[in-house]
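Novice: Line by line, the protein sequences are chains L and W.
Note that the working numbering has the first sequence beginning at 1, numbered continuously upward.
Note that the working numbering has the second sequence beginning at 1, numbered continuously upward.
Everything labelled a hint here was simulated from the structure, so no lab data went into it.
On a predicted model such as this, the values are computed, not experimentally measured, just so you know.
Where is the CB? At the ideal position from N, CA and C, for every residue including glycine.
A portion of the hints provided could be inaccurate.
What the hints assert, rightly or not - Interface residues of chain L toward chain W, partial, derived using beta-carbon atoms under 7 angstroms:
id	residue
1	ILE76
2	ILE77
3	VAL102
4	VAL106
5	GLY108
6	ILE111
7	LEU113
8	GLN115
9	SER123
10	PHE124
11	GLU127
As the list claims (entries may be wrong) - Here are some of the chain W residues that sit facing chain L, going by a computed Cβ distance under 10 angstroms:
id	residue
12	THR27
13	LEU126
14	GLU130
15	MET160
16	ILE164
Said to hold, decoys possible - Quick list of simulated restraints, FRET-style, between CB atoms:
id	chain 1	residue 1	chain 2	residue 2	range
17	L	GLN115	W	VAL155	17 to 23 angstroms
18	W	PRO16	L	ILE76	44 to 50 angstroms
19	W	ARG125	L	PHE69	18 to 24 angstroms
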Amino acid sequence: MLPAVAVYYFPWEVNSGALQDGESVRTFGSKTNFAHFSRLTQYEPEKSRASLTTQHASKEHHVVINTSFVEPFNPIIGAQYIVLGEIETAQGVDGVRVCARVLNCVDGVNIALLQKVINEQRSFFRERRPDLWSLLQRSRACL
Amino acid sequence: MDPAEELPSMLWGLDPIFSAFARLHVTDILHMRESCQVPDIYFYKSHPIHKVDVLGTVVYKREREDFFCYGDDGTGVINCLCWKNDPMKEELDSDGGKPSDDLQHSFNLAVEVKKLKQAQQTHFRLEIGELLRVRGQVKTSRQQREMMASTYYKVNDPVMAVQIEWMSDVLQLYREFYDKPLHLQNISASESPITSLSKATQIIKDFLEQKAVSKFRPYDIQDILQPLFPSCPEVAPAGQEPVAGSSTCQQLHVLLKEALQLLQDEGVVYRKVKSQDEVYFVTAQDKDLLMAVKDIIREDSKREKYQEKGCHILHILSSVRQRHSMNVSKAVLELVLKSLECNSDIISTRDNYFTYFII
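Construct the entire structure; sequences and hints are all you get.
Specialist: What follows is the structure, given as structure tokens:
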């Protein structure tokens with residue numbers, strides 16, 4: 001059985017509760033001390049937990065990642081990463097965690113451009129393919 | 001789209017997208033409707049598709065003889081069957097990893113070939129999380145849509161530039177090509193008047209040349225235009241009006257008239273005498289006209305006035321009109337002069353000037 005599609009989501013959307021448990025998601029963020037973002041976050045190898053941070057609309061957004069599937073990986077604190085994974089509600093932790101299947105370092109990515117393209121793609125689907133847009137929104141394609 | 005509205009398979013080759021590896025979103029590839037005419041051809045809107053080009057992240061890998069993997073481009077996940085090449089199936093020698101110190105500076109072919117094979121292997125070895133570009137045919141197997149890769153390779157994209165570019169390119173392609181309906185030229189019986197006119201004139205020209213016709217009336221050649229109007233019944237003999245209400249016959253007459261007018265303008269035919277009786281003379285076959293022009297040039301070339309320079313075409317034209325026919329046009333005369341020149345009866349001294357050629 002195929003894994004479900006990982007739709008692009010922005011970090012602030014991940015935590016806002018717009019997504020449901022079990023959905024596949026891909027999102028990005030910086031670990032810390034990147035030129036435009038500054039927030040110390042952690043990588044806890046013993047707990048297989050990493051934290052991605054990004055700044056949007058003068059608010060900081062964290063996304064907690066479960067890195068058990070992508071270990072061992074070489075963490076570069078401060079670099080931009082893109083994560084592909086499933087949302088899971090962790091017990092005893094507020095908010096959602098992303099269980100990462102893919103965690104790639106994309107340091108140097110043009111975030112503004114990426115955001116622009118994602119928004120363009122979304123508006124394209126909204127306008128032209130409303131049927132598929134709702135399908136992607138639910139994102140439970142079981143093939 | 002209705003199966004009845006599907007483009008007939010004969011015309012699929014006319015759609016340029018059919019021959020290209022279409023860069024569709026994976027979700028569209030998965031939801032494309034299969035054609036009811038030919039299996040393994042799919043339709044995206046009105047376009048027939050059978051090969052696609054996808055850029056996506058490997059999210060699942062199953063390696064066997066053939067090597068499947070699943071690629072996700074953000075809109076959907078599709079199974080890609082990537083067949084391994086023969087070189088990939090060979091196992092690498094563990095000894096051949098490093099060249100020995102002695103050979104470091106010399107070019108050892110065996111070592112270089114091993115390095116090449118290693119490079120090829122790394123290029124084709126895919127791991128989860130890597131970006132993959134796949135081109136291949138779309139197939140449906142066990143109710144699942146998948147891609148049979150004809151070409152695939154790992155894409156090195158450290159700053160996601162390739163993916164971003166791909167995403168925006170694909171959106172553009174959708175807007176400009178894939179979402180636009182296919183416009184085929186109407187190849188039905190109703191041809192545009194322009195093409196049928198040129199066909200008619202060509203048919204008449206060929207006929208006049210083949211049969212060496214020197215003069216004719218319109219109804220003589222009416223019949224040769226019949227093939228252009230398959231639905232038109234036999235036309236009544238000369239003088240009678242065509243059957244009322246049969247519009248194709250009227251079209252034929254109109255076409256004939258236009259064609260003859262065009263031929264007159266070109267100079268191929270002319271009407272010596274403009275009267276009720278429409279008699280057309282074919283320039284190429286008109287011996288009288290030829291002789292008349294030749295005589296004019298010969299006589300005038302002897303005169304002092306024209307001895308050096310020769311006769312100007314307009315002078316010849318006015319003389320011909322006086323002697324032969326008022327309705328000879330410049331185009332007709334030009335054709336006659338050309339044929340005289342080809343026969344070496346006259347020569348052209350300058351542009352538009354001609355004189356008699358005395359051997």
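Novice: Take the hints in turn and mark each one as holding or not.
Specialist: To see whether the hints hold, each was checked on the structure:
1. ILE76: violated, 12 angstroms
2. ILE77: Cβ of ILE77/L sits 18 angstroms from chain W, so the hint is violated.
3. VAL102: holds, 4 angstroms
4. VAL106: holds, 5 angstroms
5. GLY108: OK, holds: GLY108/L within 7 angstroms of chain W, min 4 angstroms.
6. ILE111: Result: violated, 10 angstroms to nearest chain W Cβ.
7. LEU113: Constraint on LEU113/L satisfied, holds at 6 angstroms.
8. GLN115: At 10 angstroms from the nearest chain W Cβ, GLN115/L fails the 7 angstroms test, so the hint is violated.
9. SER123: violated, 9 angstroms
10. PHE124: holds, 5 angstroms
11. GLU127: GLU127/L check fails; min Cβ-Cβ to chain W is 10 angstroms, beyond 7 angstroms.
12. THR27: Holds. Min distance 6 angstroms.
13. LEU126: This hint is violated: LEU126/W lies away from chain L, its Cβ roughly 12 angstroms from the closest one there, beyond 10 angstroms.
14. GLU130: It holds, given that the least Cβ distance between GLU130/W and chain L is near 8 angstroms, below 10 angstroms.
15. MET160: holds, 5 angstroms
16. ILE164: holds, 5 angstroms
17. GLN115/L <-> VAL155/W: 17 to 23 angstroms: At roughly 22 angstroms between Cβ atoms, VAL155/W and GLN115/L fall inside 17 to 23 angstroms, so the hint holds.
18. PRO16/W <-> ILE76/L: 44 to 50 angstroms: holds, 45 angstroms
19. ARG125/W <-> PHE69/L: 18 to 24 angstroms: holds, 19 angstroms
The structure fails to meet hints 1, 2, 6, 8, 9, 11 and 13 from the earlier list, while all remaining hints are met.
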